[in-house]
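Asker: Given next are the chains, with one letter for each unit.
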Amino acid sequence: MTLTLESACEMHPQVALRPEPFGALAYHYGNRRLVFLRHPDIVRVVRNLNQYPSLQAALEGENIEASRWTSFVKAISSLTTSEIIRVR
Amino acid sequence: MSASSLVEQMKSGLDAPICLTWELTYACNLACVHCLSSSGQRDERELSTEQAKAVLDELRDLQVFYINIGGGEPMVRRDFFEIVEHSVSNGIGVKFSTNGAFIDEKNAKRLAAMDYLDIQISLDGSDAEINDAVRGEGSYATAIRAMDNLKAAGFGQFKISVVVTRHNVDQLDEFKALADSYGAQLRITRLRPAGRGADTWNELHPTNAQQRQIYNWLLKHGETVLTGDSFFHLNAFGEEQIPGLNMCGAGRVVCLIDPLGDVYACPFVIHDEFMAGNVLNEGGFTKVWRESDLFTELREPQSAGACASCGAFDACQGGCMAAKFFTGLPLDGPDPECVGGDGEVLLASVPVALNPRPSQDHSKPRKDTVSV
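Chain order of the listed sequences is A and B. Using my numbering, the first residue of the first sequence is number 4, and each one after it goes up by one. Using my numbering, the first residue of the second sequence is number 178, and each one after it goes up by one.
Rather than coming from a laboratory, the hints here were simulated on the basis of the structure. Among the hints, erroneous ones may be present.
As the list claims (entries may be wrong) - One-sided excerpt, in silico: chain A residues whose CB lies under 10 Å from chain B:
(1) Leu20
(2) Arg21
(3) Leu28
(4) Arg35
(5) Phe39
(6) Arg41
Heads up, the beta-carbon is just placed ideally off N, CA and C, and yes, glycines get one too.
Isolated chain B, as found in the complex (with noise of 0.2 Å):
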């Protein structure tokens, strides 16, 4: 089978996700403007430590090798540890995206005495200016605070994850230089237009000139960095392919269970349009994953749409249905920030206050503000 049929074969779906993201909770210590989940409180209605171990054993049943946990901040839990534990023992592998403010050292301690676990600090600027500008006054010493107790636990190899946005991509080389210092692996993903981001996303995303310096950057480092497959729109740009599948994953070989249990297509798409059912109803996950109606649609032969006559449409496949969503754009045409610029002239003409906006929002009040 060559590699293109086995595209093919992965777009039809599989038996179960390769890459499924869990936020265990909505609740968050930080407030970050991007934030894909609106996270900030907790919701009553989340998972309770039997029915997220009840998840896990489906997983186990299903062979998923292993799950990518967040937020909220995955390590407010109290049941953290316990549901990490019981995720391990019972051969899924755990990566889980923090914040660090709860890796002190007693606790990178214990982490770094687990098997089959990774972790992944964000971190969105390599100085304290640029990342705490996003992600909240403090945020970048908790994070370098946290990676020196875990490189002082002998944790090993964690990962940084970076969320490029127009003020940090110049910054792609000391990112890097940073993880090496820490011989940790570098992870740099894509800003989406979605939870908090949709309302940030205007003045944080890279600009085209800036989308070209990524692309020539993963061509040059793509090799050592993890993404994600995030970046595969910018493969239009043409020359060469950054490494990965090329191919939007939503439904298909990746999804997303929320704090509530709720199943989405992906960590993009928290939004009821995008929601495929509850892992607490009959059948559970996997009657989820392999029998409901949107993700049955996902997996059928996609239509290119305005795209159709782009020469460029086989290397970026129309890019990513969650920024064309919270964007205003159809899910068949291009991404907001399709190199050809074929996104920009076409965002001119939505009307912003039409966007979808992000069905749940879960962030603090605001001190600032009053409701009325």
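Bound conformation, chain A alone (with noise of 0.2 Å):
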């Protein structure tokens, strides 16, 4: 699913993050998919993207510069894949 600075989203319910030097194992105890997340900001941005009430909201809040919203869109995006991310 492709999503945009406007969606409203959070980690799924069933995901566990477990910190590790490049970032952190992303576990869906659902599915049983695991996906690495190989930044700490990125880490950090899906952990708390259900407090606010858009993407952007979350980049900005997060401290994230604006040139690297773009690629925080399309991973974001993609973790829609395996059910980490969820819109709310």
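Both chains come to you apart, so use the hints to assemble them.
Answerer: This is the structure in structure tokens:
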């Protein structure tokens, strides 16, 4: 699913994050998918998505520079395939 | 971070394993000729229920998301359900391997009622003749009955786990059809010369032509079957890579806890040389995983040795450490099943009598032999 800056989304409630040197491992207990989050910034955004009304608000709130937003939207969109992220 | 640098990162180790196998007991009702852990009889030093639960609590704190339980036959343990329930209720999903002998109607219903539980039924032939030759008389019927019970109980998608041998390699399509008929998922793994498999590997391991057959089959079906990442040595065939991480995870992302609590680098190297410590020692599993000399060493860059000049090394990574070790080959050289044939040449020069023997043997005494 392709998300936009306006999308309101959240980490799936059945997902757990485990910090690792490269970022974190995300595991979905429902579909047993294991996904690598390869940067501490993306980990922080994913973890806190549900506290913000939109993806843009999350990126602003977590102090992600605007120049990186496009790649963050793409990365978070790709996490909907494994249902690590879902639309609220 | 690119995919390859992620693999590099994983080679240098994670804070906790991704894939942890825990053999709960050496006791088994079967005596498969290729058993990786030479199982048969229970060892009186096996972890108690309380010790096992303490290990699970530690794994919970490490955020190990799931464990693979095996044996022996894990369901032989009287506290099997207690251990599994403790694991699942602490957020550690369980996938367990079984020959199915204890999955009667009642247990199938109990299993079907649990969350975060996967079951792997071992089957090494798509018919009784091929299967029972390896796993023992009646074991095919036992596995089928277990699968029927799971299906009737509404368990959902279980897995059928096949060790690919010279004799069942032509049955891959039939295994897939069998799995499909149960709504199950097929898992195929590589035969390793570990445990009793050290004695039967020569007769059972696929020929080079058959390895090409496995590679082609995986290119076609790889996305729909599980492999435990065990066939990466076949990538040296070259044209295309089979799905998976394509690296040896031993001590890096994978490890084994044996029934006594001894921690080994992977399920295929139950040998003193690959034992990193014991979960009962001070610091527990965490200290073994993070600080043991063996695991630290395995996370250092490994030498390609004799394979350094081979153009296929990037694809096959020199293959499987355990397969080399138990066939007496140097660890920094070709895999015994090197698809380029280099392993076979080397094997011919290794006197079989000098191969390392598995460090433990819990096989049941054979009735037709007398010890002297």
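Asker: Holds or violated: the hint that phenylalanine 39 of chain A contacts chain B, with Cβ atoms closer than 10 Å.
Answerer: Constraint on phenylalanine 39 of chain A satisfied, holds at 6 Å.
Asker: Holds or violated: leucine 20 of chain A as interface residue toward chain B, Cβ cutoff 10 Å?
Answerer: holds (8 Å)
Asker: So, as I understand it, the hint says arginine 21 of chain A touches chain B; can you test that by seeing if any CB pair is closer than 10 Å?
Answerer: This interface hint holds because 4 Å falls under the 10 Å limit.
Asker: Any CB of chain B closer than 10 Å to the CB of leucine 28 of chain A?
Answerer: holds (7 Å)
Asker: For the hint on arginine 41 of chain A, does the least C-beta distance to chain B fall short of 10 Å?
Answerer: At 4 Å from the nearest chain B Cβ, arginine 41 of chain A passes the 10 Å test, so the hint holds.
Asker: Does arginine 35 of chain A hold up as a contact with chain B if the rule is Cβ-Cβ below 10 Å?
Answerer: holds (7 Å)
Figure legend: structure checked against the earlier numbered hints; every hint is met.
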